[in-house]
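Novice: Sequence:
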Amino acid sequence: MANTTSAKKATRKIARRTIVNKSRRTQMRGAVRTVEEAIKKGDREAALQAMSHAEPQLMRAAQRNIVHKNTASRKVSRLAHQIAKLAK
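Note that UniProt numbering gives residue 35 to position 35 of the sequence shown, counting from 1, and the numbers run on in steps of one.
Since the hints were derived computationally from the structure, they do not count as laboratory data.
Be careful, since some hints might not be right.
What the hints assert, rightly or not - Straight-line alpha carbon distances no greater than 30 Å define the calculated DSS-like cross-link-like pairs of lysine-lysine that follow:
no., residue 1, residue 2
1, K40, K22
2, K22, K41
3, K22, K88
4, K9, K69
5, K13, K88
6, K85, K75
7, K75, K40
8, K41, K75
9, K8, K22
10, K75, K22
11, K41, K8
12, K40, K9
13, K69, K41
14, K85, K69
15, K88, K40
16, K22, K9
17, K41, K13
18, K88, K75
19, K40, K8
Unchecked claim - Quick list of simulated restraints, FRET-style, between CB atoms:
no., residue 1, residue 2, range
20, H68, I19, 30 to 38 Å
21, G42, A2, 52 to 60 Å
22, S73, T5, 23 to 31 Å
23, N70, N3, 36 to 44 Å
24, A2, G30, 31 to 39 Å
25, K13, H68, 16 to 24 Å
26, E45, N70, 49 to 57 Å
27, T26, N3, 17 to 25 Å
28, R74, N3, 20 to 28 Å
29, A80, T5, 43 to 51 Å
30, G42, T4, 54 to 62 Å
31, K13, K88, 44 to 52 Å
32, K85, R60, 36 to 44 Å
Note that the coordinates shown come from a computational prediction; the quantities given were computed from them, not determined experimentally.
Beta carbons are placed, not taken as given, at the ideal position from N, Cα and C, and that holds for glycine.
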C-alpha cells in the first residue's frame with residue numbers, strides 16, 4: 001500500500017489511465033476483429049473498408065503505448081497481406 005502522498009496520487013493516476021487504456025484496447029481489438037471476419041468471409045470490399053478504420057486505431061494505440069509499435073505494424077502488415085490475397 002502506498003505511504004507517501006505522491007505515491008497515493010500515482011496510484012490514483014494509474015487507475016484512471018488503466019480504465020482509458022482498457023477502453024482503447026477494446027476498440028482496437030474490435031476494429032481488427034471486423035477486418036479478420038471480412039477476410040474470413042472472403043469479402044474484399046468489406047475488408048478494405050474495415051482496414052481503413054482499423055489501421056489508424058492500431059497505430060494510435062502504438063503511439064499511446066497501449067501496444068508496442070512493432071506489434072501494431074506487424075498486425076497491419078499481416079492484415080494487408082491477407083486482404084491482398086483476396087484479390088487473386
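Novice: Could you see if the CB distance from E45 to N70 stays within 49 to 57 Å?
Specialist: Since the Cβ atoms of E45 and N70 sit about 29 Å apart, the hinted range of 49 to 57 Å is violated.
Novice: Measure nothing beyond the straight line between the CA atoms of K85 and K75; if it is 30 Å or shorter, mark the hint as holding.
Specialist: The hint holds at about 16 Å.
Novice: When you check the alpha-carbon spacing of K22 and K41, does it fall within 30 Å?
Specialist: holds, 28 Å
Novice: Within 30 Å, alpha carbon to alpha carbon, are K85 and K69?
Specialist: Holds - the C-alpha atoms of K69 and K85 are around 25 Å apart, at most 30 Å.
Novice: K41 and K8 were given as a pair; does the straight-line alpha-carbon distance stay at or below 30 Å?
Specialist: Roughly 50 Å between the alpha carbons, so the hint for K41 and K8 is violated.
Novice: Quick one, are K41 and K75 close enough, alpha carbons at most 30 Å?
Specialist: Measuring from Cα to Cα gives roughly 19 Å; hence the hint holds.
Novice: Between K75 and K40, is the straight-line Cα distance small enough, at 30 Å or below?
Specialist: holds, 16 Å
Novice: If you check the beta carbons of K13 and H68, does the distance land in 16 to 24 Å?
Specialist: holds, 22 Å
Novice: Holds or violated: K69 with K41, Cα cutoff 30 Å?
Specialist: Measuring from Cα to Cα gives roughly 29 Å; hence the hint holds.
Novice: So does K13 sit 44 to 52 Å from K88, Cβ to Cβ?
Specialist: Cβ of K13 to Cβ of K88: about 50 Å, so the range 44 to 52 Å holds.
Novice: Given the proposed pairing of K22 with K9, does the C-alpha separation stay at or below 30 Å?
Specialist: Answer holds: K22 to K9 is near 20 Å, not above 30 Å.
Novice: A range of 36 to 44 Å was offered for this pair. Does it hold for the Cβ distance of N70 and N3?
Specialist: holds, 38 Å
Hint compliance for this structure: hints 3, 5, 11, 12, 17, 19, 20, 22, 26, 27, 28, 32 are not met, and every other hint is.
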